[in-house]
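Asks: Each chain, letter by letter, is given below.
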Amino acid sequence: GENVEQHPSTLSVQEGDSAVIKCTYSDSASNYFPWYKQELGKGPQLIIDIRSNVGEKKDQRIAVTLNKTAKHFSLHITETQPEDSAVYFCAAREGANNLFFGTGTRLTVIP
Amino acid sequence: DTGVSQDPRHKITKRGQNVTFRCDPISEHNRLYWYRQTLGQGPEFLTYFQNEAQLEKSRLLSDRFSAERPKGSFSTLEIQRTEQGDSAMYLCASSPPHWAGGLETQYFGPGTRLLVL
Numbered sequence: 001g002e003n004v005e006q007h008p009s010t011l012s013v014q015e016g017d018s019a020v021i022k023c024t025y026s027d028s029a030s031n032y033f034p035w036y037k038q039e040l041g042k043g044p045q046l047i048i049d050i051r052s053n054v055g056e057k058k059d060q061r062i063a064v065t066l067n068k069t070a071k072h073f074s075l076h077i078t079e080t081q082p083e084d085s086a087v088y089f090c091a092a093r094e095g096a097n098n099l100f101f102g103t104g105t106r107l108t109v110i111p
Numbered sequence: 001d002t003g004v005s006q007d008p009r010h011k012i013t014k015r016g017q018n019v020t021f022r023c024d025p026i027s028e029h030n031r032l033y034w035y036r037q038t039l040g041q042g043p044e045f046l047t048y049f050q051n052e053a054q055l056e057k058s059r060l061l062s063d064r065f066s067a068e069r070p071k072g073s074f075s076t077l078e079i080q081r082t083e084q085g086d087s088a089m090y091l092c093a094s095s096p097p098h099w100a101g102g103l104e105t106q107y108f109g110p111g112t113r114l115l116v117l
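Just so you know, the sequences run in chain order Z and E. In terms of the numbering used here, the first sequence opens at residue 1 and continues consecutively. In terms of the numbering used here, the second sequence opens at residue 1 and continues consecutively.
The set of hints was computed from the structure by calculation and includes no laboratory data. Among the hints, erroneous ones may be present.
With a cut-off of at most 25 Å between alpha-carbon atoms, the simulated DSS-like pairs for lysine-lysine come out as follows [what the hints assert, rightly or not]: (1) 22(Z) x 11(E); (2) 11(E) x 37(Z); (3) 71(Z) x 42(Z); (4) 57(Z) x 22(Z); (5) 37(Z) x 58(Z); (6) 22(Z) x 58(Z).
Using the sequences and the accompanying hints, generate a full structural model.
Replies: Written as structure tokens, this is what we have:
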């Protein structure tokens, strides 16, 4: 099955700086890569996603890049704000339905 | 649109007891998923329903676990003879039908946190 690795496990940045989280996947057949934000006591919330036929996608301060050849994808958050502090998960979809998640990155934005 | 709801939000039980969780998906979402999340880990897929049909089950879903979606709307996840290793957050997610577009997106509920003593 699919195996998703995520780095770093923790990340601290100063408010206004950028944050980058990287993930790799193992199954070249995976074709959909969402990113979720999870706050304490809440379920994961989708923040951005990308399909395998696209190399980059941007939504305001958030962008995702995908390198299919290298089987890695990254989340970029610019102009970070304290409310961006949370745990972020990458995921890859193998087959029609299953999402395989990374182990998460705890992002702390220091005011 | 009220989002995916789950009940209860928290459950404490003694080892050996049975527990049942409920998930109400977003209205008109015909696809429903259950995941389990342990501390410090990402969610792990358990099972998937399309309408009332259970189409996929993970190897994580032992025979003590059973999930149903009898009318293709809400779903229940039952754990029989709970063990301490079952302690986790149980998450439910739903997706719209293929014809509605955005077919990959899974919307998660707040989860049910289970503690087995």
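Asks: Please go over all the hints and tell whether each is borne out by the structure.
Replies: The hints, checked one at a time:
Between the alpha carbons of residue 22(Z) and residue 11(E) the distance comes to roughly 35 Å, so the proposed pair goes past 25 Å and is violated. Between residue 11(E) and residue 37(Z) the alpha-carbon distance is near 24 Å, which keeps this suggested pair within the 25 Å criterion. Between the alpha carbons of residue 71(Z) and residue 42(Z) the distance comes to roughly 30 Å, so the proposed pair goes past 25 Å and is violated. About 15 Å separates the Cα atoms of residue 57(Z) and residue 22(Z), which keeps this hinted pair within 25 Å; it holds.
Between residue 37(Z) and residue 58(Z) the alpha-carbon distance is near 16 Å, which keeps this suggested pair within the 25 Å criterion. Taken as a hint, the residue 22(Z) and residue 58(Z) pair is honoured in the structure, with Cα atoms around 16 Å apart against an allowance of 25 Å.
Checked against the numbered hints listed earlier, the structure breaks hints 1 and 3; every other hint is satisfied.
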